[in-house]
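Participant: Fit chain B to the known structure of chain A by using the hints.
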Amino acid sequence: MLNRNIFFPSLVIFLSLVFLVLISQFEEPRYQDAPVGAGFFPAVIAIIQIIICSVLIIQYKKKQKPQKEVTLISSHSIFGFTFLIGYAVLITLVGYLPASLIGFTYYLLFYRVKKPLYYVTAWIFVFAIYFLFSEVFIISLPEGLLFF
Amino acid sequence: MMEYLLNGFADAFSMAVFPVLVLGVLGGVILGALPGLTATMGVAILLPFTFGMAPTPALVMLIGVYIGGIYGGSIAAILLKTPGTPASAATVLDGHTMAIKGLAAKALSIAAVASFIGGLISTIVLIAIAPILADFALRFNAPEYFALALFGLTIIASVSAKNIMKGLLAGTIGLLVSMVGLDPISSVPRFTFGILDLYSGINIIPVLIGLFAISEGLNQLEKLSSDTQDIPPKFDYKLLSFSDFKKILPTTIKSGLIGTSIGSVPGAGADISAFACYNEAKRVAKNPEEFGNGSMHGLAAAESGNNGVTGGSLVPLLTLGVPGDAVSAVLLGALIVQGLTPGPLLFTQNPEIVYGIFSSMIVANIVMLIIGFLGIRFFCRIIEVPKIIMIPIIIFLSVIGAYAINNSMFDVGIAITFGLLGFILNKLDIPSSPILLAIILGPMAETNLRKSLILYEGSWSFLYDRPIALAFILFAVFSVYSTIKLKKKERLAEEKK
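Top line first, the protein sequences correspond to chains A and B.
The first sequence begins at 1 in our numbering and counts up one residue at a time.
The second sequence begins at 1 in our numbering and counts up one residue at a time.
Isolated chain A (complex conformation) (with noise of 0.2 Å):
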């Protein structure tokens, strides 16, 4: 199993040298009167993290001690980054008030609650802030693609 101390340095250093390989491929512009361009502060910082990221391996490599993996991703982390996207791209398609009745209904019967006034509360949250964006502060909130 991939240690998560070890992994995560590991890709950033892996990120940091694409970011040195797009930042020699950036443009140049047609005039350059600063004596550092705009490579020179990214580039700084993409070697700094290759550094950091150096540091943080030896580290761990030294200081390891038996330690009880706490599993990064859990089945709940998992339901809310599927709940979170899905959200996201319901509101484009449909638009803030049926995209959030629908999510917060769903959420409510996905954790199995049986207690009315638990939607009764989603649903008037739901409303309240749609009133309140849209009336009281003047902010359209998305309408969504299919209603256009």
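Read the hints as simulated data drawn from the structure, not as lab findings.
Fair warning: this is a prediction, and the values are worked out from it, not measured in the lab.
Hints are not guaranteed to be accurate.
In silico DSS-like cross-links for lysine-lysine, where the CA-CA straight-line distance does not exceed 27 Å [said to hold, decoys possible]:
hint, chain 1, residue 1, chain 2, residue 2
1, B, K489, A, K62
2, B, K489, B, K451
3, B, K247, B, K427
4, B, K488, A, K62
5, B, K488, A, K61
6, A, K61, B, K487
7, A, K63, B, K427
8, B, K223, A, K61
9, B, K247, A, K63
10, A, K63, B, K254
11, A, K115, B, K223
12, A, K62, B, K238
13, A, K63, B, K487
14, B, K489, B, K101
15, B, K254, B, K489
16, B, K427, A, K62
17, B, K223, B, K485
18, B, K485, A, K61
19, B, K427, A, K61
20, B, K489, B, K286
21, B, K286, B, K238
22, B, K101, A, K63
23, A, K62, B, K487
Covered, in the sense of this in silico footprint (three residues per stretch, anywhere, with C-beta under 8 Å from a C-beta of chain B), are these stretches of chain A [said to hold, decoys possible]:
hint, region
24, 53-63
25, 83-90
26, 98-110
Even glycine gets a Cβ: it sits at the ideal position worked out from N, Cα and C.
Facilitator: Then chain B, alone, in the frame of chain A:
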């Protein structure tokens, strides 16, 4: 001056001004408490409503929103670990920990009192030494701004919990994120991958919402048991006691003064101020290990520091016509709409309006304190809402908050991405606040470093031949040194245990 101030107080309590002031502060508190809606946005939303109003009530209402908004951000930060505004990001560190320990009412009362004291100090300083501070701020050029940003970045080490390297890693992630978009000097696109939305860079608000609110929602969801038997947390309604007040008073006053000074420097806002004050309070604290674990001093420093900016940012605005931060830029617009020209002449041509604003700021801070205390019981109810309901509310508010900034689903995507990043970083014990700090300070550091190099024709001598810049660089070195020393002490103490 006194005569104008007294007339200003009479105006502030008049029927034409007082109701709009109360409404402004209340509206600001509500807006600030909603993730994604900042004090800047609140002032901007209400700006069109002031077009038909007389100058004093119009400006007083907007300033009320500003003061209320900065305080309001702390409510969500303490109760939901979701800073309502970027200025409250430092409040999360100790405020939310206090709430978890059952001290939500105490944390809210500390936030209200510290915000009040910070705001009051700031207003008094504004009245007393506005021209002197404005003169100091005028001496700031690119090298000074770079040094200030560098000093700000050293705070990362202090907010890095146990492992400084992990905090620094988070800081570099934030710095790289802040570099997405068109390069500020040569307009070369960086890390944009041809995506148009990335050309203007990554907006800080969706990042903030993602890192703090969405990731917290996911964390809570993970802890949720599937049987949904949620027991509401028990906590007492004990407010800040007089002995506690006496303990936090010196930190609060000091942070208020630091916040005012930072606010008076154009470009440095309440977010930077809160972190700077937090760092300073931790540096001089007798028990710095309490910081991050529910320290009253940490909370008071962050809150006094961010509200301290409210008066400070008006110094360059009113005396020079240069806005100190985004909110004062909107206020500048409000002044112009009212036919007033900010600058030294404003004090001689319209003293009744200037001192009317000053008096109203004092009244607005008092109103904020009253609203803060009256609302504590109501705000605390938020914690009693079962988590099964609270989690989707946090997620929905976050998504809507991210969308509302620019009416853009792209920002929602950014918030979700950073939500996932924050969630994973949390699992790896990598703190999220350095990312935010780096995104705020990164562009300031880079732009001003490169401007300085152009100014000095490639020479780095600006780092030591400009006294203010040198002072900030020395502060930065001292800050890093004292943090490393402190962490070493903490580690040794832990090993002894």
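Participant: Each hint: holds or not?
Facilitator: Against the structure, the hints:
Proximity of K489 of chain B to K62 of chain A is assessed by CA-CA distance (about 20 Å); at most 27 Å being required, the pair is judged to hold. Between K489 of chain B and K451 of chain B the CA atoms are separated by roughly 39 Å; this puts the pair beyond 27 Å, and the hint is violated. The suggested pairing of K247 of chain B with K427 of chain B is violated, with an alpha-carbon distance near 35 Å, which exceeds 27 Å. Pair hint K488 of chain B plus K62 of chain A holds up; C-alpha atoms about 17 Å apart against a cutoff of 27 Å.
Straight-line distance between C-alpha atoms of K488 of chain B and K61 of chain A comes to about 20 Å, which keeps the hinted pair within the 27 Å bound. Distance hint between K61 of chain A and K487 of chain B is fulfilled; the C-alpha atoms sit about 21 Å from each other, no more than 27 Å. For the given pair, K63 of chain A sits about 19 Å from K427 of chain B by alpha-carbon distance, which is consistent with the 27 Å threshold. Between K223 of chain B and K61 of chain A the CA atoms are separated by roughly 30 Å; this puts the pair beyond 27 Å, and the hint is violated.
Proposed proximity of K247 of chain B and K63 of chain A is contradicted: the alpha carbons are some 39 Å apart, above 27 Å. At roughly 40 Å between alpha-carbon atoms, K63 of chain A and K254 of chain B are farther apart than 27 Å, so this suggested pair is violated. Restraint check for K115 of chain A and K223 of chain B: satisfied, since their Cα atoms lie roughly 21 Å apart, inside the 27 Å limit. Between K62 of chain A and K238 of chain B the alpha-carbon distance is near 47 Å, which puts this suggested pair outside the 27 Å criterion.
With a CA separation close to 17 Å, the supplied pair K63 of chain A and K487 of chain B stays within the 27 Å bound. A hinted pair counts as satisfied when its Cα atoms are at most 27 Å apart, and K489 of chain B with K101 of chain B qualifies at roughly 26 Å. Simply put, K254 of chain B and K489 of chain B have alpha-carbon atoms about 25 Å apart, close enough for the 27 Å limit, and the pair holds. Annotation: proposed proximity of K427 of chain B to K62 of chain A holds, straight-line Cα distance about 21 Å (limit 27 Å).
As the CA atoms of K223 of chain B and K485 of chain B are separated by approximately 36 Å, the hinted pair breaks the 27 Å bound. Restraint check for K485 of chain B and K61 of chain A: the C-alpha separation of about 24 Å stays at or below 27 Å, so the hint holds. Pair hint K427 of chain B plus K61 of chain A holds up; C-alpha atoms about 19 Å apart against a cutoff of 27 Å. Pair hint K489 of chain B plus K286 of chain B holds up; C-alpha atoms about 12 Å apart against a cutoff of 27 Å.
Pair hint K286 of chain B plus K238 of chain B holds up; C-alpha atoms about 25 Å apart against a cutoff of 27 Å. Between K101 of chain B and K63 of chain A the CA atoms are separated by roughly 32 Å; this puts the pair beyond 27 Å, and the hint is violated. Proximity of K62 of chain A to K487 of chain B is assessed by CA-CA distance (about 19 Å); at most 27 Å being required, the pair is judged to hold. For the region 53-63 of chain A, the assignment as covered by chain B holds, since 4 residues bring a beta-carbon within under 8 Å of that chain's beta-carbons and 3 suffice.
Check on the region 83-90 of chain A: 5 of its residues sit with their Cβ under 8 Å from a Cβ of chain B, so the three-residue criterion for coverage holds. For the region 98-110 of chain A, the stated coverage by chain B holds: 5 residues have a C-beta nearer than 8 Å to a C-beta of that chain, and at least 3 were required.
This entry does not satisfy hints 2, 3, 8, 9, 10, 12, 17, 22, going by the numbered hints stated previously.
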